[in-house]
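*Asks:* Sequence:
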Amino acid sequence: MSNTSIPGFPDAPRAPEGAPNILLVLTDDVGFGATSPFGGPVPMPHFARVAEAGVRLNRFHTTAMCSPTRASILTGRNHHRVGFGGISEVAYGAPGYNSVIPRSAATLGQVLSMNGYDTAWIGKNHNTPVWETTSMGPFDRWPNGYGFDYFYGFVGGAVNNFAPALIENRNFVEPPEQEDYILDRDLIDHGIDWLNRQHALNPHKPFLLYVAPGTAHSPHQAPPDWLEKFRGAFDGGWDAMREEIFERQKAMGVIPASAELTPRPAQIPSWKSRSDKEKALYCRMMEAHAAMLAHWDHQFGRLLDRLAESGQLDNTLIVYIQGDNGASGEGGLLGTMNDMSQFNVDRATLADEVGRIDDMYARIDDIGGPSSFGNYPVGWAWAMNTPFQWVKQVASHFGGTRNGLAVSWPRGLKARGEIRDRLHHVIDIAPTIYDLVGIEPPETYEGVPQMSFDGVSMATTLRDREAPQAHRTQYFELAGHRAMVMDGWMGSTTPKSLPWEASSDIPPEEWDWELYELDSDFSQARNLAEAEPERLAAIRTAFDAACEANNVHPIHVGYFYGLLQPKPNPLRGRTDFTYYPSGRRMPGTEFPDTKNRSWRMDAVCQLKGDDSGIIITQGGWVGGWSFYMKDGFLKGTYRVSDDAGYETRIASARTVPAGLHTLSMVFDFAGETLGGAADLSLEVDGETVAEGHIPVSIGKLMPGSEGVSIGFERGTSVAHETQRPAIFTGRIQRLDLSLGDGISAADAAKAAARGA
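Using the numbering used here, read the sequence shown as starting at 616 and increasing by one per residue.
Mixed in with the good hints, there may be bad ones.
Lysine-lysine pairs mimicking DSS-like chemistry, simulated, CA-CA at most 27 angstroms apart [to be verified]:
no., residue 1, residue 2
1, K1182, K1029
2, K887, K865
3, K1111, K887
4, K844, K894
5, K1029, K892
6, K892, K865
7, K1210, K1182
8, K892, K844
9, K1223, K1245
10, K820, K1111
11, K1029, K865
12, K1315, K1111
By construction, these hints were calculated from the structure, which means they are not laboratory data.
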């Protein structure tokens, strides 16, 4: 028997010879007509650098929503097929809507890692099931688990750009201490740092860097000097701006000469019908959106410059998708200073009872800054989607699904500054990357057989402007909005449930259908349903077949159907919890659901006398509650919205002396509907010291991006008189939370599904 062995170590995977680096960029809520390379009013010279170095696609489509688009990009499969029929927050227990990417759909990060790539993800992650976003994981559906060696960014749909809750790999971290901190600069700082480390340690290996900023999703926020750049730029209003964009698009060749400018829907008001006060307010909101997007482009330019300086740009394949869906109409007809209000406060009530326009106008100088969490009116979203109909969430029309795409690879693609007019979809991104890199996706991954791809490679489209149409059919569905593209024609449902309205009670089978011939009708301007009933019937039959093949059923009208549907939760079934100070901000998912039920918080504290600071706080100034002390007085603030009339503040009449005390905050829910009334009280050692009434409570969504802080304030302040870090001067031994009665989870889910 021989005891000899051959010295050596297992070989590391190697990428194909000459394989390019990959820079995949995805912005958020950016309309087709918003940016300068696609005829828009927002100058984006660095996005233009990519377009001029390669090609632009003017018939590229997304899914009309955030998480679904991102799931399709990561996997190359249709969004329902990988569990993302909606965003992760509205997941429910159906295969197409459970927010769980199956192991049979390996991601870009996983496939490229096994083929010799270093991988990193910077920015937004909206593809982890909400019940798994705690500090205890599980982590296999976090970016690291999806095959990305490094992650720096945030989880969820939106974040305050001045005070974000961040994650580095698997750890919750706070932003750097910078007086002028803003998220997009921080993201690019970390992206450049990762590139520098990768280039220094592994110059022989290609990289995949996936950069997904939250820009330009609400809140629209930007540095003050960038806000100033756009003062007065949009004074002409959305109707005139749409016409200006349309003319530029034609002059640039971004849209064909035959394209028609679709008319403004009756549901969206004309600019001239707005008052002078409204016009001033709405212009400032659009300026904030433009400033945010332009500032992002400036930061992205730093990344391009670093690649050029290091000699890597020539062999970097850049795939830049400008928007994960169309521009957002979720700001409603009036716009908003607090985009979270839509979940918990009826907009009609706001407009009728508290003079919403006057209230927002009084705070006009806050727009775009740290004290706003705003979104512009739907009129601007419609303009930014020129020349198409409708907006984000409306998957039946191009205003929701068509986004600008620029692709460059100086060493591998010859085209410079050209436009391609072949139809493609986000499911084509992964197959295209695999094709251009020269790798074969695995038939099995970690022992799991892989499902087939739904997308096709765009390589022939990128290389040849006369290439035949490769992607010939595609279904679309989101919250009841449906469409089917088939051989140059498109059947589309007429929208019956709009993003700024309560969910429609018209069942999906009763929605009307429209028909468009896409080769001659670029913008879906001419409805041919009456002239071509047999063709429309065939398309609808094909759509039904696509639904069966892709887990689309059951189709529910209303985007937030699954918001309060029961989900897996490690806290479910428990009513008593104990927390301790830890020095870190907890994500909201680590804290029990306190909506629509009674609860009691008891804090055992050693006081010094004249104490100040946060005992515990959840949420932020956009909505939440705070239990704190100020100069020895015990205080509580509960805020549903920053709109007038939606804040309750109570305080003890006398200071709490030094010593060991049990300080309590008691929320006594008295409502019978979501967001019903409640009574709020404070106790010291069991004695009530303050009482107040909450006419409307947080019923549907606690602002999760702010998290929960114990003994300090990390996010924005619920109470105006506390400012971060608001460190508690006493000592908290423990906090005991007890949940009481309220609306059952099943009843809450039913009410949410009805739009109640």
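*Asks:* Return the numbers of the hints above that this structure violates; sort them in rising order.
*Replies:* Hint check: 1, 5, 6 and 10 fail, others pass.
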